[in-house]
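Those protein sequence lines, which keep their order, are chains R and C. My numbering numbers the first residue of the first sequence as 1 and each following residue consecutively. My numbering numbers the first residue of the second sequence as 1 and each following residue consecutively.
Treat the hints as calculated values from the structure; they're not laboratory data. Bear in mind that the values here come from a model prediction, so they are computed numbers and not experimental data.
For each label pair, taking beta carbons as the anchor points, the in silico distance ranges come out as: (1) C:S180 <-> R:A194: 53 to 63 Å; (2) C:E165 <-> R:A188: 28 to 38 Å; (3) R:L42 <-> C:R70: 22 to 32 Å; (4) C:T115 <-> R:T3: 26 to 36 Å; (5) C:S102 <-> R:W50: 36 to 46 Å; (6) R:D182 <-> C:T190: 33 to 43 Å.
Subject to a maximum C-alpha distance of 20 Å in a straight line, what follows is the list of computed DMTMM-like cross-link-like pairs (lysine to aspartate or glutamate): (7) C:K264 <-> R:D95; (8) C:K103 <-> C:E165; (9) C:K222 <-> C:D133; (10) R:K140 <-> C:E41; (11) C:K222 <-> C:D138.
In this text, a Cβ means the ideal position worked out from N, Cα and C, and glycines have one as well.
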Amino acid sequence: MSTTHTRNAARTMMSPAVILLLAWMLVPLAMTLWFSFQNYSLLSPGNESWAGFNNYKYFLTDPAFSEALVNTLLLVGGVLCITVIGGTLLALLLDQPMFGQGIVRLLVIAPFFVMPTVSALVWKNMFMNPTNGLFAFFAKSLGVTPIDWLGHHPLLSIILMVSWAWLPFATLILLTALQSLDSEQIEAAEMDGASSISRFFHIVVPHLARAATVVILIQTIFLLSIYAEIFVTTGGGPGNASTNIPWLVYRQSLLSYDVGVGSAGGIVAVILANIVAIFLMRMVGKNLDL
Amino acid sequence: MARAVTLNRRLFNTGLAWTLGLLIFFPILWTILTSFKTEAEAIALQPALFDFEWTLANYQEVNSRSNYPRFFMNSVIIALGSTLLGLLIAVPAAWAMAFVPSKRTRGILMWMLSTKMLPPVGVLVPIYLLFRDSGLLDSRIGLVFVLMMVNLPIIVWMLFTYFREIPGEILEAARMDGASMKSEILYVLTPMALPGIASTMLLNVILAWNEAFWTLVLTTTKAAPLTQFIASYSSPEGLFYAKLSAASTMAIAPVLILGWFSQKQLVRGLTFGAVK
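Using the sequences and the hints, build the whole thing.
See the structure below:
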């Protein structure tokens, strides 16, 4: 099939997608880069001037930046830990023989389809609210003082909300991987006298590694850009306690109207994401056969 | 793992799994239940699970007060529009990569995946300014375009993994039988590719429906979809739990149902075919 003619046809068919994506990636990114070296405020348009590295200096030395960086890492790391460990345990359970497995599966995956603004507001008001929330009700029934979740533990609260939304994804993918595990292999190991623990660590875990890699990759992409949950719950506060990098960039550029500093922040975010990406793509490249 | 297990073991698994499943589902169930309560019952000191006066008043109120249908239509237009436009561009690309692979195919695919790694805030300022200056801010067409671009790599990848499974020999056989290029595409390939295209479409409608960065940043009222509509409940209206619940239920129901039907495709689509 690979005559010159078909090759050319193939190239033509691919070009719209490739050109659009290339433009989508390069044009705005080049603009961000340009703005990041400018003194540029939306409040005084027309007064742009060259700023050198001042915007970067400002953004990186702002105490909010280091806080946001730590918060971003805690947020991504926390959610990954909860969802990957929780998802593995749940998947192992759901893989066991039981009644009504299909329905349990539907129950477990449901949170994934809930839009972030809904899940965040439901958790914030109906569960975590210290006076009317359901957690407060349980605390009061037990005679304990209710916790002001978002007031006192804002980052932890957001980690919990986001974990709830992503646990189904991890579970579903790990379960799918488990179900493709060859049962004869397990039976053979069993007959050879392997204990259930060594069967788990020598057969099940290696089999799940590939699926877990994919879960980590996909989730990291989305978790690095968490925005809506913060937007509708804490607004990054109190102080900077729940500010992550995307929120900080958003605040600088569209709430403080400082395009220069916001753009510098955007470039910093891109660099950070790339460090993570290089590492992840290596993992995935090895695990995806093409 | 179809091995013999005792009934006790099976009952234990069932009990544990159902408990955990219901626990995970509970926030959704609670939202749906609260949407049928009165505001007073929604914040009652002694919350009731099922034993309350069921009412539809919240749904009526949300519909009459906030023009819910418009937000819903915006969501539909944006989710469907961006998906269809994305398919239009991605189908030929994925087709070419699956059937006429070259040395560069793998590289192009990995590069496309890597564009997903670009954090949206990295391009927030220019996109916002470009939209502002071209009057695209708060317009459906602008949002359709942005969400199409955001999901394009996923669409291409998903389609590629489906197309790759169509055996090339079928084409050769059809050709030997004297099929023309046109009838080859029409009668041989299209029927085999349709299921893959359909699942790609389903997954992307779900992703676009729930997208909550660009939809929040680039819209205010005219083009605002349901994500923005719900966000407007963040305060102080969010304290009206029953209305918040009714609005939330209406916002998530369509996609929850779609999602339940597409759970198999979801795994495959979101893992770029690495897990099936």
